[in-house]
Amino acid sequence: MAKTFEKGNVAIAKAAVAAGCKYYFGYPITPQSDIPEYLSGVLPSVGGQFVQAESEVASINMLLGAGATGKRAMTSSSSPGISLKQEGISYMAGSEVPGVIVNVQRSGPGLGGIAPSQGDYFQATRGGGHGDYRIFVLAPSSVQEMYDLTVLAFDLADQYRMPAMVLADAMLGMMKEPLDEWVPEPKAFDKGDWALGGASGRPGRRVKSLFLGDGELAEHNWRLAEKYREIREKAVRVDVQVPDGCELAVVAFGSAARIAKSAVDRANDEGRRVGLIRPITLWPFPTAEIREVAERGVPLLAVELNTGQMVEDVRLSSEGRSPVTFAGWPPGYLPSPDDVYGEIARRLAGGEKVA
Amino acid sequence: MAKLAIREERCKSCGICIEFCPENCLEIGDKLNAQGYRCVRLADPDACRACGICGRMCPDVVIEVWK
Amino acid sequence: MKAVFTRPESLTDKPFHFCPGCHHGVIHRLVAEAIDHYGVREKTIGAASVGCSVFLYDYFDIDVVESPHGRAPAVATGIKRANPDRFVLLYQGDGDLAAIGTAEIIHAANRGENLTVVFVNNTVYGMTGGQMAPTTLLGQPTTTSPYGREFGQDGYPIKMTEMLAQLEGVGYAARVAVDTPARLAKARKAVFQAFETQVEEKGMGFVEILATCPTNWGLPPLEAVKRVETEMIPYFPLGVYKERKGKDFL
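Residue numbers (the working numbering), protein chains in the order written: chain Y, 84 to 438; chain D, 7 to 73; chain A, 2 to 251.
To be clear, the hints were calculated from the coordinates, so they are not data collected in a lab.
Remember, it's a predicted structure, so these values are computed and weren't measured experimentally.
Be aware that a few hints might be false.
[To be verified] No farther apart than 25 Å at their CA atoms in a straight line, the calculated lysine-lysine pairs in the DSS-like style are these:
id, chain 1, residue 1, chain 2, residue 2
1, Y, K317, Y, K270
2, A, K44, Y, K274
3, A, K190, A, K44
4, Y, K274, Y, K291
5, A, K190, D, K73
6, A, K190, A, K227
7, A, K190, A, K246
8, Y, K317, Y, K86
9, D, K9, D, K73
10, A, K44, A, K160
11, A, K3, A, K44
12, A, K246, A, K187
13, D, K9, A, K15
14, A, K160, A, K187
15, A, K190, Y, K291
16, Y, K259, Y, K344
17, A, K3, D, K73
18, A, K246, A, K227
19, A, K44, D, K37
20, Y, K310, Y, K90
21, Y, K291, A, K15
22, A, K190, A, K160
23, D, K9, A, K44
24, Y, K317, Y, K259
25, A, K160, A, K227
26, D, K73, A, K187
27, Y, K310, Y, K270
In isolation and in its complexed conformation, chain Y is listed as follows (with noise of 0.2 Å):
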């Protein structure tokens, strides 16, 4: 199929349709609402529905609801709107229901502002719900990656029964790129033996987080812990570029793995060695990839659209094996590739201490 020229945001909206989500389930919020808009027009054609509910608390618990019964569904917000979703999520993961949630992140704290930002790094990995629990976050980079990683998302929740996000950001969710909206081939997962449809031939049963029972939680928590175990080993994602003889590695995910690559780039054009690692699976973490360049002993820059969120998880990832500092913007001033050039040259010239 030819490319189409697309915002991130309706590439993600194409995205679930292309997977077979046939429900959607949202609040309007900026910056994330071409996603809601364009489904709203397509879902009903596709035999399927669309619902603007009353608030993100609803949505989330109407994707609860469908997914339970096996169905693929999507909800979609921005920052403030993510935060109240938190509760369906906490319950989404312990009852284990598939679902995607999209996360086109403004910025923060309380209503903050409507520019990019990576401030919901903290609330997507460490799970922002109550509970010992772990959800996939999926970092796109590009309006290609917006709807590669929606479809991807769609997958990793049905294999693994719980919630996939999708994290982008008001950049990448406002900005149009050349789009191959590929048609994936569909994946069949069987949901027969837990999906509610009404019990028929059957008893009846239940989809449900409350474990009452005489151990039966830390059990259900253990099971749980095994699950993530197994994600951890098999579905991490990340691009790793650093060939062998490295002064530094630049590591970014999302709209600043835009702009570090540029930054890096020219670093390299000016004869520097310089590497760059993009996490693409945020949760899973790629620390074994992230260990194996500290091990090199190539210094690490986490640099981030925040105050310093991932680089806790860089460092612990390096284990101390190298030297990690940060960079990093907060809301309301976007980085060009030369402000994150000056903090790769500063490192090169050994004029930062590890923080």
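We have chain Y; now place chains D and A onto it with these hints.
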């Protein structure tokens, strides 16, 4: 001929069935069930018309009624 | 012999955990009778709420998804929109439906979701230990209104059925009680009507049932039953508040 099947182990001795029995044929017996409640019993089988009110009013579906 | 009254098929054999004299058991049974009557057991998906009624999935032999506190109408909306041919049942208490979940029930009702809602009003938070509910009557002492509910401090008991009956999306709204055999018979009819409203796709079928909570009221079961008539019904009048005849949405 009325028949009451009373699942004594489920009775919580609330007395609602006795209160609403139009024939006053039920009473709390002396027998304790495993939960520690004194169970309801049919004290006057001849008076029972198998109207079913006891069964319907019981919050614990203790009593089933046939005739 | 002919059966006069027997346990409905849709109820599992598990004994209720409810306190002596608690009306949840009676209401569970009425709901099970309706499931049996309309033959929907095998196509019913329940959205459980939070509170004493959360264990309904142990008592009904149906598929159930557990909802966060108050969110059952949203969860049920998701179920029904994705599965319009399924029968979707909600069973919520007053803390769940009339306090934390007010937005969800009002908007599910206003959207005209084809759902059946059984709302149990016992004027108190049961499972958490007898705290003041939005439906707690004026003067009624609870563990968080120790001097009795006072309107200057706590506002008035909320009348959900009257509110919801105003919404176009509601096909049927009634308030009933189960404290006497005669009212129980009417309550059964109302629960059936709330089922039929969904079967006929006339919007939300809503039935509020006044119920006892002897433990948290601090009353013996029979006195609790009497309180329904002496204190609750005068403030929460019984009756059918809305009954849509056809699919006459505006």
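Now the hints, each set against the structure:
1. The straight-line distance between the Cα atoms of K317(Y) and K270(Y) is roughly 18 Å, inside the 25 Å bound, and the hint therefore holds.
2. Taking the CA atoms of K44(A) and K274(Y), the gap is about 17 Å. The hint holds against a cut of 25 Å.
3. Distance check on the hinted pair: K190(A) and K44(A) sit about 21 Å apart at the alpha-carbon level, within 25 Å; holds.
4. Of the pairs offered as hints, the one joining K274(Y) and K291(Y) holds, with about 16 Å between alpha carbons and a cut-off of 25 Å not exceeded.
5. A hinted pair counts as satisfied when its Cα atoms are at most 25 Å apart, and K190(A) with K73(D) qualifies at roughly 24 Å.
6. Between the alpha carbons of K190(A) and K227(A) the distance comes to roughly 22 Å, so the proposed pair stays at or under 25 Å and holds.
7. For a cut-off of 25 Å, the pair hint linking K190(A) to K246(A) stands: about 16 Å separates their Cα positions.
8. A distance of roughly 31 Å separates the Cα atoms of K317(Y) and K86(Y); the hinted pair therefore is violated under the 25 Å criterion.
9. Pair hint K9(D) plus K73(D) holds up; C-alpha atoms about 6 Å apart against a cutoff of 25 Å.
10. For the hint pairing K44(A) with K160(A), the CA-to-CA distance comes to about 32 Å; that exceeds 25 Å, so the pair is violated.
11. Between K3(A) and K44(A) the CA atoms are separated by roughly 29 Å; this puts the pair beyond 25 Å, and the hint is violated.
12. For the proposed pair K246(A) and K187(A), the alpha carbon gap of about 19 Å is at most 25 Å, so the pair holds.
13. The straight-line distance between the Cα atoms of K9(D) and K15(A) is roughly 23 Å, inside the 25 Å bound, and the hint therefore holds.
14. Restraint check: the Cα-Cα separation between K160(A) and K187(A) comes to about 20 Å, which is no more than 25 Å; the hinted pair holds.
15. Between K190(A) and K291(Y), the direct Cα distance comes to roughly 31 Å. Violation of the 25 Å bound is thereby established for this hinted pair.
16. Only pairs whose Cα atoms come within 25 Å are accepted, and K259(Y) paired with K344(Y) is accepted, the gap being roughly 18 Å.
17. Taking the CA atoms of K3(A) and K73(D), the gap is near 5 Å; set against the 25 Å cutoff, the hint holds.
18. With a CA separation close to 35 Å, the supplied pair K246(A) and K227(A) exceeds the 25 Å bound.
19. A C-alpha spacing of about 42 Å is found between K44(A) and K37(D), which places the hinted pair above 25 Å, so the restraint is violated.
20. Only pairs whose Cα atoms come within 25 Å are accepted, and K310(Y) paired with K90(Y) is rejected, the gap being roughly 35 Å.
21. Taking the CA atoms of K291(Y) and K15(A), the gap is near 18 Å; set against the 25 Å cutoff, the hint holds.
22. For the proposed pair K190(A) and K160(A), the alpha carbon gap of about 21 Å is at most 25 Å, so the pair holds.
23. A C-alpha spacing of about 34 Å is found between K9(D) and K44(A), which places the hinted pair above 25 Å, so the restraint is violated.
24. The straight-line distance between the Cα atoms of K317(Y) and K259(Y) is roughly 32 Å, outside the 25 Å bound, and the hint therefore fails.
25. Restraint check for K160(A) and K227(A): satisfied, since their Cα atoms lie roughly 21 Å apart, inside the 25 Å limit.
26. The suggested pairing of K73(D) with K187(A) holds, with an alpha-carbon distance near 24 Å, which does not exceed 25 Å.
27. The hinted pair formed by K310(Y) and K270(Y) meets the criterion: a straight-line CA distance of about 21 Å does not exceed 25 Å.
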